[in-house]
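Dock chain B against chain A, hints included.
Heads up: the protein sequence lines correspond to chains A and B, in order.
Note that numbering that gives the first Met the number 0 numbers the first sequence so that position 184 is 183, with each residue one more than the last.
Note that numbering that gives the first Met the number 0 numbers the second sequence so that position 96 is 95, with each residue one more than the last.
Be careful, since some hints might not be right.
[Claimed, not checked] With beta-carbon atoms standing in for the labels, derived distance ranges: (1) B:Gly33 / A:Asn96: 28 to 36 angstroms; (2) B:Asn83 / A:Thr115: 51 to 59 angstroms; (3) B:Ala59 / A:Asn96: 47 to 55 angstroms; (4) B:Gln64 / A:Asp153: 38 to 46 angstroms; (5) B:Pro157 / A:Ile180: 20 to 28 angstroms; (6) B:Asp152 / A:Glu30: 18 to 26 angstroms.
[Said to hold, decoys possible] Derived pair list, reagent style DSS-like, types lysine-lysine, alpha-carbon separation capped at 27 angstroms: (7) A:Lys69 / A:Lys91; (8) A:Lys9 / B:Lys57; (9) B:Lys9 / A:Lys9.
FYI, nobody ran anything at the bench for these hints, they're computed from the structure.
Quick reminder that beta carbons are idealized off the backbone N, C-alpha and C, glycines included.
2 protein chains.
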Amino acid sequence: MIIDLTHHLKNGITVYPGTIGPKFETGNTIEKDGFAELNMTMCTHTGTHMDAPSHIIKGARSLDQFPVEKFIGKGAVVDCSEVNSIDLNFLKRQLVNPGDFDFILFYTGWQHKWDTPNYFDPFPTLTTEAVKWLLNFELKALGFDVISVDGMDDPSLPNHHLLLLKEILIIENMANLDRLIGKGFELNCIPLLISNSDGSPVRAFARIF
Amino acid sequence: MIIDLTHHLKNGITVYPGTIGPKFETGNTIEKDGFAELNMTMCTHTGTHMDAPSHIIKGARSLDQFPVEKFIGKGAVVDCSEVNSIDLNFLKRQLVNPGDFDFILFYTGWQHKWDTPNYFDPFPTLTTEAVKWLLNFELKALGFDVISVDGMDDPSLPNHHLLLLKEILIIENMANLDRLIGKGFELNCIPLLISNSDGSPVRAFARIF
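So here's chain A without its partners, still in its complex pose (with noise of 0.2 angstroms):
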């Protein structure tokens, strides 16, 4: 069975303070063409969306850089609807070893808000410490239902800067995470693959085992 993980990319989707909003506009049309095309416009960072190393690391690997075997393996869930905060005695708690996975997802129930103004309420992030204990472990990315993995108020975005200067990518925006608790899955979030991309719009998926 396939989970999809994605949001929708249309007109009006919320996004990242300070970054464009997608535009879909009729291109070329069966009518004057002969065929139907959609123009779009958006940033690398739009909907469902993967972060490279060099979205915040001057000179770091772009997603382009990296293999597809980067982008597929054995995910894992964690259920943090139950807390503000995601640290490190919550974290050994749920997972008790990182290194059996080349995912970890977090759910914190924020998907449910994506396209509400309430998307951007202060949501469960990663403490330091929690970031820097999964860093100990040979993973290809974390993956988050909420915008960011770094909470709105810190413009220094620590925890993008601890994971990417590890490789450990970052994927944000999810939908249907809360489906995967508890079970067996292999992840592929693939990213386009585009020249020099510091992210890439992702159709992030599940297969249960």
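For chain B alone, coordinates are given in the frame of chain A:
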């Protein structure tokens, strides 16, 4: 092993005549904003991409109306590099039972001409008879290393119509198909989740059995 079947998306790549070329521009920067993001404009049929029925047929389904399962399955490559036309006799010799597969991919060699003017040299196309034979099988999509399933000299797009009416999707501008000849593989060709998507750029790849 995974083989990437995708051309890079960047400024100046080949596009279908009468459609817009992609544009990647600096949006946010680390210096100014603390994070780097590209702003990108392209049509839904840019680079390695997939066509939905709604690309050609008024009121037909768009890609977001299919489940992810439609985009994953067993594939085979037909080597068409020595023929000028992909006719029924040739195809029956190459493919004893298309029903064994979800995806049939056609290697013409044009992938090596990508991003040169010669990409528009007349390329081998499926004859109407060959397409009609393929319609008998439960195929998810056909894929090609050329820019269109129809010849550039026929604006009525007959092969597009026949295939998309039957909801056999079309993948165009694929790369590295020569590396799959004679191999068993699972094809992954997952479009973005764009509302009303008549098409989508894809990161197509094969997992060799």
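Against the 27 angstroms threshold, does the CA-CA distance of B:Lys9 and A:Lys9 hold or violate the hint? Holds - the C-alpha atoms of A:Lys9 and B:Lys9 are around 22 angstroms apart, at most 27 angstroms.
Beta-carbon spacing of B:Asp152 to A:Glu30 - inside the hinted bounds 18 to 26 angstroms or not: The hint (18 to 26 angstroms, Cβ to Cβ) holds, given that B:Asp152 and A:Glu30 are roughly 22 angstroms apart.
Assess, step by step, whether the Cα of A:Lys9 is no farther than 27 angstroms from the Cα of B:Lys57, and give holds or violated. Since the Cα atoms of A:Lys9 and B:Lys57 sit roughly 20 angstroms apart, the hinted pair holds (cutoff 27 angstroms).
Status of the given 38 to 46 angstroms range, CB of A:Asp153 versus CB of B:Gln64: Given a distance of about 40 angstroms, which is inside 38 to 46 angstroms, the answer is holds.
What's the verdict on A:Lys69 and A:Lys91, does the C-alpha distance respect the 27 angstroms limit or exceed it? holds, 25 angstroms
Okay, B:Pro157 versus A:Ile180 on CB: inside 20 to 28 angstroms? violated, 49 angstroms
Satisfaction of the hinted span 51 to 59 angstroms by the C-beta atoms belonging to B:Asn83 and A:Thr115: Holds - the Cβ-Cβ distance for B:Asn83 and A:Thr115, about 57 angstroms, lies within 51 to 59 angstroms.
Mind checking the hinted window 28 to 36 angstroms against the Cβ distance between B:Gly33 and A:Asn96? holds, 34 angstroms
Assuming the hint says 47 to 55 angstroms, is it satisfied by the Cβ distance from B:Ala59 to A:Asn96 or not? Holds, at about 48 angstroms.
In summary, the structure is inconsistent with hint 5 from the numbered list given earlier, while agreeing with all the others.
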